[in-house]
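Asker: What follows is each chain in one-letter form.
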Amino acid sequence: MAADVTLTGLSASELAQRLRDREVSALEVAEAHLERIAAHDGVEAGGDEWVARDADALGERDVHAYLHVTAAAAREHAADVDRRRAAGEELAPLAGVPVAIKDVLTTRGVPTTCGSRMLEGWVPPYDATVTERLRAGDLVALGKTNMDEFAMGSSTENSAYGPTRNPWDLGRVPGGSSGGSAAAVAGRLAPLSIGTDTGGSIRQPAALTGIVGAKPTYGTVSRYGLVAFASSLDQAGPFARTVEDAARLHALIAGHDPRDSTSVRETAPDVLGPLREGVEGLRIGVVRELAGEGYEPGVERAFADVLERYERLGAEIVEVSLPHADYALAAYYLIAPSEASSNLARFDGVRYGLRVDAATAEEMNAATREAGFGPEVKRRIMIGTHALSSGYYDAYYLQASKVRTLIARDFAAAFEQADVLISPTSPSVSFRLGELVDDPLAMYLNDVATVPGSLAGIPALSLPAGTAPAPDDPDAALPVGLQVMAPLLRDELMYRAAWALEQDLGPLAAPTGPSALEVA
Amino acid sequence: MSATSTAALLEGETGAWELVVGLEVHVELQTATKMWCGCSTDFGGPANTNVCPVCTGQPGALPVANEQAVADAALLGLALGCDIAEVCRFHRKNYFYPDLAKNYQISQYDVPLCHDGRLDLDVTTDEGEQVTRRVGIERLHMEEDTGKSLHVGESGRLHGAEKSLIDYNRCGIPLLEIVSDPDIRDPETAQAYLRELQAIVRTLGVSDARMEEGSIRCDANVSVRRPGEELGTRCEIKNLNSVRSLGRAVRYEARRQIDVLEAGGEIVMETRHWDEGRGVTETLRRKESVTDYRYFPDPDLVEIHSSRAWVEQLRARLPELPAASRARLQQAGLSAEQAATIVAGGLLALHDEAVAAGAEPVAVANWCTGEVTGQLSSAALTPAEAGLTGAHVAELVALIDDGTLSTKLAKDVLAGVIEERGAVPPAEVAEQRGLQQVSDEGELQGIVDEVVAANPETVEAIRGGNDKAIGALVGQVMKATRGQADPKKTNELLRAAIEA
Numbered sequence: 253m254a255a256d257v258t259l260t261g262l263s264a265s266e267l268a269q270r271l272r273d274r275e276v277s278a279l280e281v282a283e284a285h286l287e288r289i290a291a292h293d294g295v296e297a298g299g300d301e302w303v304a305r306d307a308d309a310l311g312e313r314d315v316h317a318y319l320h321v322t323a324a325a326a327r328e329h330a331a332d333v334d335r336r337r338a339a340g341e342e343l344a345p346l347a348g349v350p351v352a353i354k355d356v357l358t359t360r361g362v363p364t365t366c367g368s369r370m371l372e373g374w375v376p377p378y379d380a381t382v383t384e385r386l387r388a389g390d391l392v393a394l395g396k397t398n399m400d401e402f403a404m405g406s407s408t409e410n411s412a413y414g415p416t417r418n419p420w421d422l423g424r425v426p427g428g429s430s431g432g433s434a435a436a437v438a439g440r441l442a443p444l445s446i447g448t449d450t451g452g453s454i455r456q457p458a459a460l461t462g463i464v465g466a467k468p469t470y471g472t473v474s475r476y477g478l479v480a481f482a483s484s485l486d487q488a489g490p491f492a493r494t495v496e497d498a499a500r501l502h503a504l505i506a507g508h509d510p511r512d513s514t515s516v517r518e519t520a521p522d523v524l525g526p527l528r529e530g531v532e533g534l535r536i537g538v539v540r541e542l543a544g545e546g547y548e549p550g551v552e553r554a555f556a557d558v559l560e561r562y563e564r565l566g567a568e569i570v571e572v573s574l575p576h577a578d579y580a581l582a583a584y585y586l587i588a589p590s591e592a593s594s595n596l597a598r599f600d601g602v603r604y605g606l607r608v609d610a611a612t613a614e615e616m617n618a619a620t621r622e623a624g625f626g627p628e629v630k631r632r633i634m635i636g637t638h639a640l641s642s643g644y645y646d647a648y649y650l651q652a653s654k655v656r657t658l659i660a661r662d663f664a665a666a667f668e669q670a671d672v673l674i675s676p677t678s679p680s681v682s683f684r685l686g687e688l689v690d691d692p693l694a695m696y697l698n699d700v701a702t703v704p705g706s707l708a709g710i711p712a713l714s715l716p717a718g719t720a721p722a723p724d725d726p727d728a729a730l731p732v733g734l735q736v737m738a739p740l741l742r743d744e745l746m747y748r749a750a751w752a753l754e755q756d757l758g759p760l761a762a763p764t765g766p767s768a769l770e771v772a
Numbered sequence: 006m007s008a009t010s011t012a013a014l015l016e017g018e019t020g021a022w023e024l025v026v027g028l029e030v031h032v033e034l035q036t037a038t039k040m041w042c043g044c045s046t047d048f049g050g051p052a053n054t055n056v057c058p059v060c061t062g063q064p065g066a067l068p069v070a071n072e073q074a075v076a077d078a079a080l081l082g083l084a085l086g087c088d089i090a091e092v093c094r095f096h097r098k099n100y101f102y103p104d105l106a107k108n109y110q111i112s113q114y115d116v117p118l119c120h121d122g123r124l125d126l127d128v129t130t131d132e133g134e135q136v137t138r139r140v141g142i143e144r145l146h147m148e149e150d151t152g153k154s155l156h157v158g159e160s161g162r163l164h165g166a167e168k169s170l171i172d173y174n175r176c177g178i179p180l181l182e183i184v185s186d187p188d189i190r191d192p193e194t195a196q197a198y199l200r201e202l203q204a205i206v207r208t209l210g211v212s213d214a215r216m217e218e219g220s221i222r223c224d225a226n227v228s229v230r231r232p233g234e235e236l237g238t239r240c241e242i243k244n245l246n247s248v249r250s251l252g253r254a255v256r257y258e259a260r261r262q263i264d265v266l267e268a269g270g271e272i273v274m275e276t277r278h279w280d281e282g283r284g285v286t287e288t289l290r291r292k293e294s295v296t297d298y299r300y301f302p303d304p305d306l307v308e309i310h311s312s313r314a315w316v317e318q319l320r321a322r323l324p325e326l327p328a329a330s331r332a333r334l335q336q337a338g339l340s341a342e343q344a345a346t347i348v349a350g351g352l353l354a355l356h357d358e359a360v361a362a363g364a365e366p367v368a369v370a371n372w373c374t375g376e377v378t379g380q381l382s383s384a385a386l387t388p389a390e391a392g393l394t395g396a397h398v399a400e401l402v403a404l405i406d407d408g409t410l411s412t413k414l415a416k417d418v419l420a421g422v423i424e425e426r427g428a429v430p431p432a433e434v435a436e437q438r439g440l441q442q443v444s445d446e447g448e449l450q451g452i453v454d455e456v457v458a459a460n461p462e463t464v465e466a467i468r469g470g471n472d473k474a475i476g477a478l479v480g481q482v483m484k485a486t487r488g489q490a491d492p493k494k495t496n497e498l499l500r501a502a503i504e505a
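Quick note, the sequences are listed as chains A and B, same order.
253 is the number of the first residue of the first sequence in the working numbering; add one for each residue after it.
6 is the number of the first residue of the second sequence in the working numbering; add one for each residue after it.
These are computed hints drawn from the structure, not numbers from a lab.
Please note: incorrect hints may appear among the correct ones.
Unchecked claim - Example chain B residues on the side facing chain A (calculated, C-beta under 10 Å, incomplete): (1) P68; (2) I171; (3) D297; (4) G480.
What the hints assert, rightly or not - Below, in silico cross-link-like pairs of lysine-lysine (DSBU-like), each with a Cα-Cα straight-line distance of 30 Å or less: (5) B:K413 <-> B:K484; (6) B:K413 <-> B:K493; (7) B:K493 <-> B:K473; (8) B:K168 <-> A:K630; (9) B:K153 <-> B:K98; (10) B:K413 <-> B:K494; (11) B:K98 <-> A:K654; (12) A:K654 <-> A:K630; (13) B:K98 <-> A:K630.
Glycine included, every Cβ here is placed at the ideal spot set by N, Cα and C.
Based on the sequences and whatever the hints tell you, model everything.
Answerer: See the structure below:
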């Protein structure tokens, strides 16, 4: 059966509709995506399990979104969905639609590396709750996607398995740390994917690859099986090419989980019901501190256009202030590394993953960690270890925690004046591979607009808001993201605001130009 | 008795010294499941069979606090007179060790679940005086146990081992740490504290508190000072495997510190290892470079809120505590020693049931502390395991009282009840095994006549004034009746026959 290549261009909702109408089978949909992955992603296709080529064997036009493709399991699951549909079984709304999963969520029997040499070859003995929910919703998992090592980074260049390329310009980064999941969806290598966001790791890559990516309210999506970077901030969320698709995937993965103590007990907000209610009368707050210096002019122009559109759509634009937002990045880069330094202590060569043998257990631990972790991970472990040390704890970790509380209060006050808040998602459009890799501080600035919401635990998403040139290429047209933030447990508000803008903007044209990935 | 009675001072070459001891006791809770996951807490299974992603620290796994463990911890806190924190939380204690699966231990740091309690102890001083001593309890907090390392190689210790194996069955078992104030002034009080804590824990049923299995462990912080002066530098003594070794180790360590100080030396703050065989403490590790555990609140767990109503519900569940039980038994006429043995020996329920079944308390106590304890301990059984009930004990006592059984026969009957695991009551055991006392005169007379006839020389000797020789004839009658003859009646009949 020849796969229909145009299937990869359809949104998840369109695919679901055609599957329901039996115009297409889940197996055909899976095949179409596998074929495109085989053609463009730099994997060793063939056999049951496809593995990404080594970094030095990847071509300059290989997206490298996937680290591991579960081809046989995907076909089997798709065929099973088709069988059950044919038998008249009532199926979940997205049954048969493919999905890609960031390689930081555990998948039973499927290698999970977190983009690190440390976990090369590790096969988890259990499924993450998110993985289970995807399966329960009959989404067909295509494989595991590339990421910055242990989710630390903003370009996916910190992956031990080589960087992922941005489908809009294969010489540029897709953002990070969920760059593989974002590039998979942007490059039509999957209609949906799962990322995780600690300080912006879903929203920033969504912005840089021109798709929708959402970080739900902290605690509404279970962290069980999400390999922890910073436990108090980590949250899994959806990537999709439309706001509606993202909301559908969001609805599927959210919900209370007794295996996660930080999982909220309230029913997760209904993000689909109010989706199409529009923004008339909605108070949209523009955050004064998330603009100006450091934001590229093209990004600011796109943002100004968004404001005009919202006003035209009947929203009320108000200016709000988050007085402590300027300290957010500093607080984040103490809290997240502190937690990481403890979370990553378990990678010691004793129970799983890499082991570098040495004379004593202590030396084995040290040699394993020296060999297994990349430079950015080591840098953050050292920062975090220092920040928690006695004598420094009060000045660093404790102080940062206080700033966090102040920022949460800032948001609470801002949400008195506005229903949702907006800002550019990232101060820049996609930058070139290698451009910032040796400048960690410049790299950290990518998170300047996303980190405040992370610290407050509020829901936030990024959606495409036009294009802008790059500072190094005035002729380029690269995606710009708009960030929409909502109060705690009001995730539906951000989707509503995003959907209205998406309708007004119309679909973002697919990547074009000689350096872009060809999209059929 | 006074709660502030001062302890005896220790004499040195240069004058008197005062001993100061504080104890850190760890108790493994006997909850069905571990502290953070659903794995069983069963002891002694094959290595790494009670494990899951959570307790082996697999990437992505998360802890969820065991509510039963929190309730047990609070219950013990209440029994120790502690206040229960309205809000408390868990911290991570970070250090690398292979048997610590996550390389951090989840523990409590700034706000423990329970704080500011006390334990009153009845102690017999060296002079034989009964005094009550109060030991303050600084805190009781919750944490998790580690796995066990097995070092394979000639030494059997980490150094020089060919390889090390780790069993994570114990990893994540709920552990309580109970920290006393430095209120202890003599080894006897230290031992009494540990024994009383053990008794309370068992009474509450939250742990079997067996030192030999490690379900209760004790470290001692020991220092000495001149009376009335500031606290001296302390050493922490580890590897105390019994109440007895606690006493010995504290005694040894106090003397060692006095000797060092009197020789003009200084005590170094350190952890010392008690060598039970050699009866000495030895440096394990110095504490000058204090390990920095980088404590911080565990972001995977939420705060524990203990409502007043919940605390009061727990308080209402508190059973009679050992001190109250002992007082009650003494009031019923038992000696202090008997009362202590019954309570510490886990025989209180048995005793109370027997008394409730109508037996006389002292007679029951004599049986419980004597033969029952002896037989159970040689069979290594608890009363419950042996199927022994208070009704059985009451029945035994009644059978002795009405002359059906001699004391000796009663012991055999008890053995029979235990053998049958309580399925056959004493009277039936006596009947089935033919253990009733023979006091029927007709039956006994025949045997006496035979014995007298068969031993003319002994009979002559008795008649000749050697009264003690009658013992030999009693023995023969006993032999012929397999010990079941009523000794008193036998004596009477023998004398009558000899005099005839």
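Asker: Could you tell me which of the hints above the structure violates, numbers in ascending order?
Answerer: Per hint list: single violation, 4.
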